[in-house]
Amino acid sequence: DAGITQSPRHKVTETGTPVTLRCHQTENHRYMYWYRQDPGHGLRLIHYSYGVKDTDKGEVSDGYSVSRSKTEDFLLTLESATSSQTSVYFCACGGYRGTNTGELFFGEGSRLTVL
Amino acid sequence: KNEVEQSPQNLTAQEGEFITINCSYSVGISALHWLQQHPGGGIVSLFMLSSGKKKHGRLIATINIQEKHSSLHITASHPRDSAVYICAVSYNRDDKIIFGKGTRLHILP
Chain A
1 DAGITQSPRH
11 KVTETGTPVT
21 LRCHQTENHR
31 YMYWYRQDPG
41 HGLRLIHYSY
51 GVKDTDKGEV
61 SDGYSVSRSK
71 TEDFLLTLES
81 ATSSQTSVYF
91 CACGGYRGTN
101 TGELFFGEGS
111 RLTVL
Chain B
1 KNEVEQSPQN
11 LTAQEGEFIT
21 INCSYSVGIS
31 ALHWLQQHPG
41 GGIVSLFMLS
51 SGKKKHGRLI
61 ATINIQEKHS
71 SLHITASHPR
81 DSAVYICAVS
91 YNRDDKIIFG
101 KGTRLHILP
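Chains as they are written, first to last, in my numbering: chain A, 1 to 115; chain B, 1 to 109.
Incorrect hints may appear among the rest.
Claimed, not checked - Cross-link-like lysine-lysine pairs, in silico, DSSO-like; alpha carbons within 27 Å at most:
(1) 53(B) <-> 57(A)
(2) 70(A) <-> 96(B)
(3) 11(A) <-> 101(B)
(4) 96(B) <-> 53(A)
(5) 11(A) <-> 57(A)
(6) 101(B) <-> 57(A)
(7) 54(B) <-> 57(A)
If you are wondering where the hints come from, they were derived from the structure by calculation, not from laboratory data.
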């Protein structure tokens with residue numbers, strides 16, 4: 001158990017509403033990542049964080065924002081959800097001693113449906 | 001073009017066969033990860049390597065830094081090995097970890 005929990009695990013919402021997904025870890029990982037997984041695309045990086053208040057964009061960051069005010073929590077926000085953001089979202093953690101080469105650990109995923 | 005390419009995309013084999021899944025990448029990396037995802041399931045890390053070879057049970061992962069290529073081998077494959085196998089790389093240039101699209105493996109009994 002890598003101590004990573006995502007919430008909510010399932011959510012159905014309507015177009016235009018804000019949504020926040022939470023990733024919580026208990027292992028003091030420095031690096032945290034948000035990915036989305038879609039058929040035919042695999043896992044695509046949305047945003048990542050390399051420390052408290054240090055975040056950067058990934059491949060598919062448009063329409064998403066993140067915040068990391070504490071080591072243990074990494075929040076992904078959809079300011080105004082669209083149907084194209086229907087997906088399964090995975091949080092990943094890893095990296096030790098100032099590197100990004102530590103083993104990766106994943107949350108169980110959050111399935112978001114935007115109607 | 002995806003920076004991390006996996007082949008094959010899909011693979012069906014008979015139980016007991018030797019399986020090879022390939023991963024190639026385009027720029028210098030600090031580490032390469034192999035992961036496994038069972039249908040409807042979570043994602044589990046199998047290996048992290050930056051050089052040479054690692055072995056765990058029937059799974060072997062190798063990497064050739066000069067060729068920018070890695071392989072995942074499964075010996076004496078079993079139906080429970082059926083899953084999606086994903087390659088991911090940590091790039092030297094930044095802290096991003098980028099994934100390949102995965103290889104869907106189906107082992108027939």
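Which of the numbered hints above does this structure break? The structure conflicts with hints 1, 7, although it agrees with all the remaining ones.
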